[in-house]
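Colleague: Protein sequences appear in the order of chains F and V. If you count the first sequence from 1, position 171 lands on 171 in this note's numbering, and the numbers rise without skipping. If you count the second sequence from 1, position 301 lands on 301 in this note's numbering, and the numbers rise without skipping.
Since the hints were derived computationally from the structure, they do not count as laboratory data. In this text, a Cβ means the ideal position worked out from N, Cα and C, and glycines have one as well. A couple of the hints might just be wrong.
[Unchecked claim] Ranges between beta-carbon positions, derived for each pair:
{"no.": "1", "chain 1": "F", "residue 1": "R193", "chain 2": "V", "residue 2": "K7", "range": "54 to 64 Å"}
{"no.": "2", "chain 1": "F", "residue 1": "R173", "chain 2": "V", "residue 2": "R6", "range": "37 to 47 Å"}
{"no.": "3", "chain 1": "F", "residue 1": "I70", "chain 2": "V", "residue 2": "E171", "range": "46 to 56 Å"}
{"no.": "4", "chain 1": "F", "residue 1": "I70", "chain 2": "V", "residue 2": "L21", "range": "54 to 64 Å"}
[As the list claims (entries may be wrong)] Covered stretches of chain V (in silico footprint by chain F; criterion: 3 or more residues with CB under 8 Å from a CB of chain F, positions within the stretch not fixed):
{"no.": "5", "stretch": "125–133"}
{"no.": "6", "stretch": "279–285"}
The residues making up each chain are set out below.
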Amino acid sequence: MELLPQAIVDGILIGGIYITIAIGFSLAYGVMHIIDFAVGEWIMLGAFTGYYLNLWSHIDPMLLLPVVFIVFGIVGYLIQPLIHRVISGKKGNPVLMGLVFTFGLALVFRGSGLTVFGFYSHSIPAALARNSFFIESGNFFLTIPHIRFTGLFYAILITVILQYILKSTDFGRAVRALAQHREAAGLMGIDARRISSYVYGIYVGISAMTGVLIGCIFSITAQMGGEYTVLAFFVVVLAGMGYLAGVPWAAFLLGLVQSFFMIYFNPSYTLLAVFVILFTILLISPRGLFGKGV
Amino acid sequence: MTTTHRKPFIAGIAVLVLAALPVFIHDTFFLRVLTESIMWIGLAIAWDVLAGYTGYLNFGHGAFFGAGAYITAFLIKFVGAPFLLAMPAGGLAAALLAFISGIPTLRLKGAYFAIATWAMARALQQLALVLDITGGPDGMRLPPYLHPQFFYYVMLVLVAGTFALMWYLLEHAPFGLKVKAIREDEAGAMSLGIHPTVIKMQAYLLSTVPAGLIGGVYAYWITYIDPASVLGDLVTDQAVVMAVFGGLGTLIGPIIGAVIIYFFKTLFWAYLSDYQVLYLIILGILIAMSVVFLPNGLYGTLTGRTSGKAAIERGLAIETKAKTKEAAHG
Numbered sequence: 001m002e003l004l005p006q007a008i009v010d011g012i013l014i015g016g017i018y019i020t021i022a023i024g025f026s027l028a029y030g031v032m033h034i035i036d037f038a039v040g041e042w043i044m045l046g047a048f049t050g051y052y053l054n055l056w057s058h059i060d061p062m063l064l065l066p067v068v069f070i071v072f073g074i075v076g077y078l079i080q081p082l083i084h085r086v087i088s089g090k091k092g093n094p095v096l097m098g099l100v101f102t103f104g105l106a107l108v109f110r111g112s113g114l115t116v117f118g119f120y121s122h123s124i125p126a127a128l129a130r131n132s133f134f135i136e137s138g139n140f141f142l143t144i145p146h147i148r149f150t151g152l153f154y155a156i157l158i159t160v161i162l163q164y165i166l167k168s169t170d171f172g173r174a175v176r177a178l179a180q181h182r183e184a185a186g187l188m189g190i191d192a193r194r195i196s197s198y199v200y201g202i203y204v205g206i207s208a209m210t211g212v213l214i215g216c217i218f219s220i221t222a223q224m225g226g227e228y229t230v231l232a233f234f235v236v237v238l239a240g241m242g243y244l245a246g247v248p249w250a251a252f253l254l255g256l257v258q259s260f261f262m263i264y265f266n267p268s269y270t271l272l273a274v275f276v277i278l279f280t281i282l283l284i285s286p287r288g289l290f291g292k293g294v
Numbered sequence: 001m002t003t004t005h006r007k008p009f010i011a012g013i014a015v016l017v018l019a020a021l022p023v024f025i026h027d028t029f030f031l032r033v034l035t036e037s038i039m040w041i042g043l044a045i046a047w048d049v050l051a052g053y054t055g056y057l058n059f060g061h062g063a064f065f066g067a068g069a070y071i072t073a074f075l076i077k078f079v080g081a082p083f084l085l086a087m088p089a090g091g092l093a094a095a096l097l098a099f100i101s102g103i104p105t106l107r108l109k110g111a112y113f114a115i116a117t118w119a120m121a122r123a124l125q126q127l128a129l130v131l132d133i134t135g136g137p138d139g140m141r142l143p144p145y146l147h148p149q150f151f152y153y154v155m156l157v158l159v160a161g162t163f164a165l166m167w168y169l170l171e172h173a174p175f176g177l178k179v180k181a182i183r184e185d186e187a188g189a190m191s192l193g194i195h196p197t198v199i200k201m202q203a204y205l206l207s208t209v210p211a212g213l214i215g216g217v218y219a220y221w222i223t224y225i226d227p228a229s230v231l232g233d234l235v236t237d238q239a240v241v242m243a244v245f246g247g248l249g250t251l252i253g254p255i256i257g258a259v260i261i262y263f264f265k266t267l268f269w270a271y272l273s274d275y276q277v278l279y280l281i282i283l284g285i286l287i288a289m290s291v292v293f294l295p296n297g298l299y300g301t302l303t304g305r306t307s308g309k310a311a312i313e314r315g316l317a318i319e320t321k322a323k324t325k326e327a328a329h330g
């Protein structure tokens, strides 16, 4: 019984991280209609970039987040034209070719990661990771590590900023128009290629930043990508593909599932449970919990 | 008419040559390389039947291979079943897996299917890692049956049979036309009375059951399986790159892709010590580059055969020509 509040709080804190994993991904899907199999690999690359930057400069990883965002934003912006070329090709089935392309990209990143970073696991030392909040009264007991709390804060911050940009700026309106109807948006003078490049850049930047955060909370290895790709898929399908407002709820749900499995069952069955839920959702309501996916 | 008769003839000769090879080759290593390249041809064709012909990308192909391998190994080791009974059970396991994963996802867009199959492969690997009966990360050892020729012939018969069945169904029987109709225009196909989900499910079974059977042969042949080798990503990655590089939507393309890539893999394995990681990079670059620069694959680019709308348009043009000719004569 004493474990229950801790399980719920842990779940919500972990769920926060999953929001940031999935929100950029969902945005990119909404605009480009392409699933990026490399999402976990972007997280891995971002995490290692943070790790080495910290090792080299000794700046706290929390302060390195914007640097990682900018670096990977540029990388994503530069890679997007290749994806655009694939998905707008005249031959074959462009959308599926896009899938195959990102699948190949993921392989390249994973292989390169293993070559450059090796098989060992690391963690990024953050000053915030040392302390926790303790809440205690009688046999009621809660531990909230500062760093996890910061993760949740960061996730909410990103979500709010993204929502603001999408709702209230011209750029955001263009992005939403593109997601709604590509041709019509093009007729209104929206440059689909440029906007898609920005969106992909933002998505890659957010994913890479999340990688740094994950590196501070958990540990990082060059093979971590696959696990986070599964989690990103899970959240996005649960939320409804391309439906941004559903992402936080789906992410918190995933966090709760994970923390309950961690505390009450066998943690190695978490991935199986995730899969079973994913499957049930696809069977019952393929457009997500809210039925608003595309 | 000659072309339709020439193709099976060439294929028959190729199979006969392959069947005669072990008589001349006594080197076990070389025979093993040959067996494995035939295995990869089978896996690549099987993947392509779904991806190239229906447009649904199965990123969990390795799961079917692995399920077949594990079920066969399980039946041989714990039940004592003879190999020739255990192997079809591996195929059945793959079929079951296809039903479970196909029923919810095949009626949705391809993106969902890709996600679901990929996640399923991960889940299955995780399951094999945590269960006691599969030996966890240590894998399973089988009673060895050291007869390389036997496995060579089993693999050859299996893959040649698969190829013949697929060729008949997809290029000769109405089934192939239905499959292609769904790929090009699902709504249009439905209006002609084709049930897309049923046809896609059949194509999915046609793609996954051979993978399960091949997995079964592999398990008994290698005599040692573990989650990393048979349920890992590499099986899927390799089948995908072979089919995409060779040419999606054709039956010859994946064969070419499989032979070339398997040859490279063997060279790599022989000359580089830490080949596995580098090999991953090369596979990835090959996939990405062939998608960007060779969207029709090697075979499609070299012969001008395409899988997409261009082929249908060309086919229509030929048909119209024939009809006008007919009309002129009649």
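Colleague: Would you mind marking each hint as holding or not holding in the structure?
Modeller: Taking the hints in turn, this is what the structure says about them:
no.	hint	result
1	R193(F) to K7(V): 54 to 64 Å	violated (43 Å)
2	R173(F) to R6(V): 37 to 47 Å	violated (60 Å)
3	I70(F) to E171(V): 46 to 56 Å	holds (53 Å)
4	I70(F) to L21(V): 54 to 64 Å	holds (58 Å)
5	125–133	holds (count 4)
6	279–285	holds (count 7)
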